[in-house]
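Undergrad: Residue strings, one per chain:
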Amino acid sequence: MMSEYPLSEMDEQDLSRERRLEEIRRQAEQRGQLQVVGPPPAGAPFPQASPQHGYYGIPLLKEPPWTWEIPLYFFVGGAAGAAAVIGAIADYTGADRELVQHARWIAAAGSVISPALLIADLGRPERFLAMLRVFKPQSPMSVGVWTLLGFSSGAAAAAFAGFLRDRYGPSLPLKVLENAGQAASLAFGLPFSNYTGVLIGATAIPVWNRNAADLPLHFAASGLGAAVGILELMGHRKSRALQALGLGAAIFESWEGLRIEGRSHPELDPLKHGPSGWITRAGGLLSGPLPAALRIASFFGSKKNSASLRRAAAWSAIAGSLITRFAWVRAGHVSARNWKLPLQIEDDGHPPPKLSSASHR
Amino acid sequence: MSVTAFLTDSTLCIGCKACEVACKEWNGVDQDGFDWSGFSYDNTGAVGASTWRHVKFVEQPPLPGFGGNAAEPTSWTFSSDVCKHCEEAGCLEACPTGSIVRTEFGGVFIQPDVCNGCGYCVTACPFGVVERNQKDGRAFKCTFCYDRQKVGLQPACAKACPTESIKFGEIEHLREDAQKRVNELHSRGMQDAVIYDPTDTSVGGTHAMFIVRGDPRTYNLPPSPDVPTVYLKKSWVSSALAAGLLLGGTLLAFLADGDGRR
Chain A
1 MMSEYPLSEM DEQDLSRERR LEEIRRQAEQ RGQLQVVGPP PAGAPFPQAS
51 PQHGYYGIPL LKEPPWTWEI PLYFFVGGAA GAAAVIGAIA DYTGADRELV
101 QHARWIAAAG SVISPALLIA DLGRPERFLA MLRVFKPQSP MSVGVWTLLG
151 FSSGAAAAAF AGFLRDRYGP SLPLKVLENA GQAASLAFGL PFSNYTGVLI
201 GATAIPVWNR NAADLPLHFA ASGLGAAVGI LELMGHRKSR ALQALGLGAA
251 IFESWEGLRI EGRSHPELDP LKHGPSGWIT RAGGLLSGPL PAALRIASFF
301 GSKKNSASLR RAAAWSAIAG SLITRFAWVR AGHVSARNWK LPLQIEDDGH
351 PPPKLSSASH R
Chain B
1 MSVTAFLTDS TLCIGCKACE VACKEWNGVD QDGFDWSGFS YDNTGAVGAS
51 TWRHVKFVEQ PPLPGFGGNA AEPTSWTFSS DVCKHCEEAG CLEACPTGSI
101 VRTEFGGVFI QPDVCNGCGY CVTACPFGVV ERNQKDGRAF KCTFCYDRQK
151 VGLQPACAKA CPTESIKFGE IEHLREDAQK RVNELHSRGM QDAVIYDPTD
201 TSVGGTHAMF IVRGDPRTYN LPPSPDVPTV YLKKSWVSSA LAAGLLLGGT
251 LLAFLADGDG RR
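Protein chains in written order, with this note's numbering: chain A, 1 to 361; chain B, 1 to 262.
By construction, these hints were calculated from the structure, which means they are not laboratory data.
It cannot be assumed that every hint is accurate.
Claimed, not checked - No more than 20 Å apart at the CA atoms, straight line, and that leaves these computed lysine-lysine pairs for PhoX-like:
no.: 1; chain 1: B; residue 1: Lys159; chain 2: B; residue 2: Lys24
no.: 2; chain 1: A; residue 1: Lys136; chain 2: A; residue 2: Lys238
no.: 3; chain 1: B; residue 1: Lys24; chain 2: B; residue 2: Lys150
no.: 4; chain 1: A; residue 1: Lys136; chain 2: B; residue 2: Lys233
no.: 5; chain 1: B; residue 1: Lys24; chain 2: B; residue 2: Lys135
no.: 6; chain 1: A; residue 1: Lys136; chain 2: B; residue 2: Lys234
Claimed, not checked - Ranges of calculated distance between the beta carbons of each label pair, as one might list FRET restraints:
no.: 7; chain 1: A; residue 1: Val134; chain 2: B; residue 2: Gln134; range: 22 to 28 Å
no.: 8; chain 1: A; residue 1: Ser16; chain 2: B; residue 2: Pro162; range: 33 to 39 Å
no.: 9; chain 1: A; residue 1: Glu126; chain 2: B; residue 2: Gly33; range: 26 to 32 Å
no.: 10; chain 1: B; residue 1: Ser2; chain 2: A; residue 2: Glu22; range: 29 to 35 Å
All C-beta atoms, glycine included, are put in the ideal place defined by N, C-alpha and C.
This is chain A alone, in the form it adopts within the complex (with noise of 0.2 Å):
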């Protein structure tokens, strides 16, 4: 980066300034007080602003401020929101009555670890309930606080009735709020599983709003594949209604995969380069060629080999749609820091400035 500029063509007094400058930054470089490094200067000593290099390069949008509670809260939303229709689904068909509780805990786990991440990202968590003064539709984030809360009760509902009722008998008052509860938690879990593809999607990141009738459908299926997972490590390894879901998650997932890879968009550059792109990758296969190979070898073989591989599939399944929510962050970074999308110029092959965003703020 640094002598890329003509030399040649500077007479000997600035030559030799050149040279000196040089010499200085490479020391600020070892000491590391190098903070800001520029785009390959175009043709002068200094980097020059001009339409094809922006402002210099500084990145126009800003980065998410988030740290790792909200992709670990897309992550248990996800998660939580899937277990509750299961729950009541399989409640209302029939199924056996420890699925159904089972279900019930892991969405009433995510009703409080939910919040919990939330709160804790917040810039001022202690004003947390200013959410819950005004309800816009308009605004995602909105929409989500108020799902969140609906679910969380309901969930949460749901599964403390269910075990009064299994320990100590059924009543009215408990059977009310049960099935209040496992109602509240399907209709809120519904939108709560995936509602957090649209808070993304509706930014301005480019490699999120290029994604934007996408992220929901494809967190939805993560979502269900973790739930499923995480039920079939409680036990529930014969279950083939559990089974038929985990192999559509996964399919799902792989198609999902080869629409990320079949695309040449730049907003999807950070999803196939570089180290978003490798976490992208890992998330995917792990979410869903890897489960999806498990579980149509499950099919065959003996019961004990089934059962391993379903144990498998689903360890792969809750790794897959953990990473792949940190992968869509850490891309959404990427994303807000190159300066030529929303500027909309066209990519020449110039690698992105090393900016280590001058952040003391």
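Based on the hints, put chain B in the right spot on chain A.
TA: Chain B in isolation, oriented as in the chain A frame:
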């Protein structure tokens, strides 16, 4: 009480940064630190949580009329950047607390006593203006000097600007002034002077217009910014489809599975 706007004319800006200083002084904005960027005399880089006005130092090869024809290696132009106060503001729509509001002057204002620092507005701004102050926890940006406007004063940056590069006034008048100024620049041979006010995009125009010479992208002004609400429809359709598939698929799986019945 009228709807107001900024018109920032980069052909008049001398890069003194008085607007940055006046803004910081009036609003009590935190310091930016002492980093050297290597990009001309701009060591701030962009507007953000602690920079509500930001002077860009645009270095370009010298062009006729761009600071004369002297044998300088570069020519300088300056432009004071600020929150655009969009007509359709992404941050305002995204805010889940209702902290971000439209003021009676048409500006977009974050109420600091309501903001809980969720950070969603940061991802919703197509101009990369809003930023969360990681120390304070809340999101910050230009307030359009709402407090000053309320008592009939002009914003601090416009007041401090020594060359009237930052003009403040009633939005319709400023739109006319901008057109007059550009016509004048054209008549003086600066054919590349343009008004930046993205009225024909989903942002629907801004309350901070700019006059720049050449391609606005050189000033990090995006050619067609989009308010993220344009993605809502297809995103929620996909969400509804996902919910339907999840419900139908689960129902089918459990109905077909006779073994699992109790």
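Undergrad: Check each numbered hint from earlier against the structure, then list the numbers of those it violates in ascending order.
TA: Hint check: 2 and 10 fail, others pass.
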